[in-house]
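Undergrad: Construct the entire structure; sequences and hints are all you get.
Protein chains: 2
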Amino acid sequence: METKIWSPTREVIIGCGRPVVIIGERINPTGRKKLAQSLEQGDMSLLQEEARRQVEAGSQVLDINVGLSGTDEKALMVLAIKAVREITDAPLCIDSANPEVLAVGLANYEGKALVNSVNGEEAKLKEVLPLVAHYKAAVVCLTMDDKGIPKDVPTRLAIADKIINEAVKLGIPLEDIIIDPLAMSVAADDQAGLSALDALGQIRDKLGVNQTIGASNVSFGLPDRPFVNCIFLAMAVMRGLTCPITDPTNWLIKETLILCDLMLAKDEFSMNFISAYRKQFPLED
Amino acid sequence: METKIWSPTREVIIGCGRPVVIIGERINPTGRKKLAQSLEQGDMSLLQEEARRQVEAGSQVLDINVGLSGTDEKALMVLAIKAVREITDAPLCIDSANPEVLAVGLANYEGKALVNSVNGEEAKLKEVLPLVAHYKAAVVCLTMDDKGIPKDVPTRLAIADKIINEAVKLGIPLEDIIIDPLAMSVAADDQAGLSALDALGQIRDKLGVNQTIGASNVSFGLPDRPFVNCIFLAMAVMRGLTCPITDPTNWLIKETLILCDLMLAKDEFSMNFISAYRKQFPLED
Chain A
85 METKIWSPTR
95 EVIIGCGRPV
105 VIIGERINPT
115 GRKKLAQSLE
125 QGDMSLLQEE
135 ARRQVEAGSQ
145 VLDINVGLSG
155 TDEKALMVLA
165 IKAVREITDA
175 PLCIDSANPE
185 VLAVGLANYE
195 GKALVNSVNG
205 EEAKLKEVLP
215 LVAHYKAAVV
225 CLTMDDKGIP
235 KDVPTRLAIA
245 DKIINEAVKL
255 GIPLEDIIID
265 PLAMSVAADD
275 QAGLSALDAL
285 GQIRDKLGVN
295 QTIGASNVSF
305 GLPDRPFVNC
315 IFLAMAVMRG
325 LTCPITDPTN
335 WLIKETLILC
345 DLMLAKDEFS
355 MNFISAYRKQ
365 FPLED
Chain B
85 METKIWSPTR
95 EVIIGCGRPV
105 VIIGERINPT
115 GRKKLAQSLE
125 QGDMSLLQEE
135 ARRQVEAGSQ
145 VLDINVGLSG
155 TDEKALMVLA
165 IKAVREITDA
175 PLCIDSANPE
185 VLAVGLANYE
195 GKALVNSVNG
205 EEAKLKEVLP
215 LVAHYKAAVV
225 CLTMDDKGIP
235 KDVPTRLAIA
245 DKIINEAVKL
255 GIPLEDIIID
265 PLAMSVAADD
275 QAGLSALDAL
285 GQIRDKLGVN
295 QTIGASNVSF
305 GLPDRPFVNC
315 IFLAMAVMRG
325 LTCPITDPTN
335 WLIKETLILC
345 DLMLAKDEFS
355 MNFISAYRKQ
365 FPLED
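Chains A and B, in that order, give the protein sequences. The first sequence maps to residues 85 to 369 in the working numbering. The second sequence maps to residues 85 to 369 in the working numbering.
In short, the hints are calculated from the structure, not lab data. Fair warning: there could be bad hints in the mix.
You can't tell identical chains apart in this list, so a pair holds if it fits in one copy or across any two.
Claimed, not checked - Straight-line Cα separation of at most 20 angstroms, DMTMM-like style, residue types lysine to aspartate or glutamate; simulated pairs:
# : residue 1 : residue 2
1 : K338      : D308
2 : K350      : D273
3 : K196      : D282
TA: The structure is reproduced here in structure tokens:
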């Protein structure tokens, strides 16, 4: 199944027969003091710099989250979309916990956006899915609900199924659904990696939809987190991860995802890998 | 399916429900001048040092190859087995291109050994499989034959099938067959990674046997080879690789395989990973 999103001048297609699509995660002020401060002042220059760096590093889609307490998140989202659009024509992923911000973001987005996110909570389903349907957007769906994040695989599958049913009722086509089966820390629960991988595999096999995952959670509490995330990402790609939300300015992460493409015969003559490597580590004259 | 090999005092079980078993590859003089020279002089001290280092780094099985032109490989194999046994009770993998050396190695091995290797060539089948049957050993089977190494998956599967049929006729049980579907360089052929991964997956699903692979071939001709090998190994584990023949004294390789166990819920409380990491990078007092 293929999910298509676009800006007026660029289309990105996500699908298991295609190279991995990297959704850049860095435009998000959570835990990032400088970015938060600049956004509070209505200064979009750092945000634009993050957009530029991520596109340069291989993000085909940029996630935009401007959630900051004490600010007008709706106004900021409009400014952020405009500011990013000055830098790149990459399609955007409108990201907020607040459905009103999603609505404003979608109203101010030219093209077909990705929405981040809905989950199985009744309130979320009622508030977010109609927006997605109205704006004919695609949507990231987290497999959690009013009871929290399930540890087991069948409950995640059931939540994915429930969200899909609700979405389809509203006319959202299946190919516009992207499931995030939620990877949790293996340091906290040594079954967490397997649960996430099995959820990915079963959702791919039974539902056939595209999937994203926030890989960095799995390594929480462990040493050598970037490498742990890389190994998990490579394993997750084998189970149906097609569009991770991650940080391609981290070279190891970027290299891992390019190598996944190479190992799955999606990098002709190894050109993407070799050129990315040479850009990262230029040969001396 | 579980493959069991043993020394008089240690049993190793290889199976997809268990942690990855690392077969240490370093006792092999090919391309290693110092080790070759010491073996030529009948000096087993370097070989013993390699045995010690690999076991220390997590090899549960040691491959023993003493193939050197112009030496009495049979006599060397007997000496090598004895020398390694002074260091460790790890089960051994008797490795030679010469069936007579395999025969002498097996005759001088106490326990149940692994034999490396047979392939689909008529001569190999006739010479090696009867030895494996006679000594009730397990055997690594390469999916190549008199026509060379096939690039495609169906031919590899057909060769695996043919070797298994011949083996079973001689009374070798299916669980004592370990297939190596042969990973080739992706730099030379950008379909090579996918072919190896698909061969692993189909052999696991259709034949159910354990599998090994020499991962380092895939990265031949590429930059950053150790990292490339790690990503391939993680992907291969997802397709049924259970006992790679590799070098665990390379920390990245070892870390990758331990992380595969962790992500597949085979490392309780992350203890193997955390203790290996702390051994590699001790905390300062």
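Undergrad: Please list, smallest to largest, the hint numbers that this structure does not respect.
TA: 3
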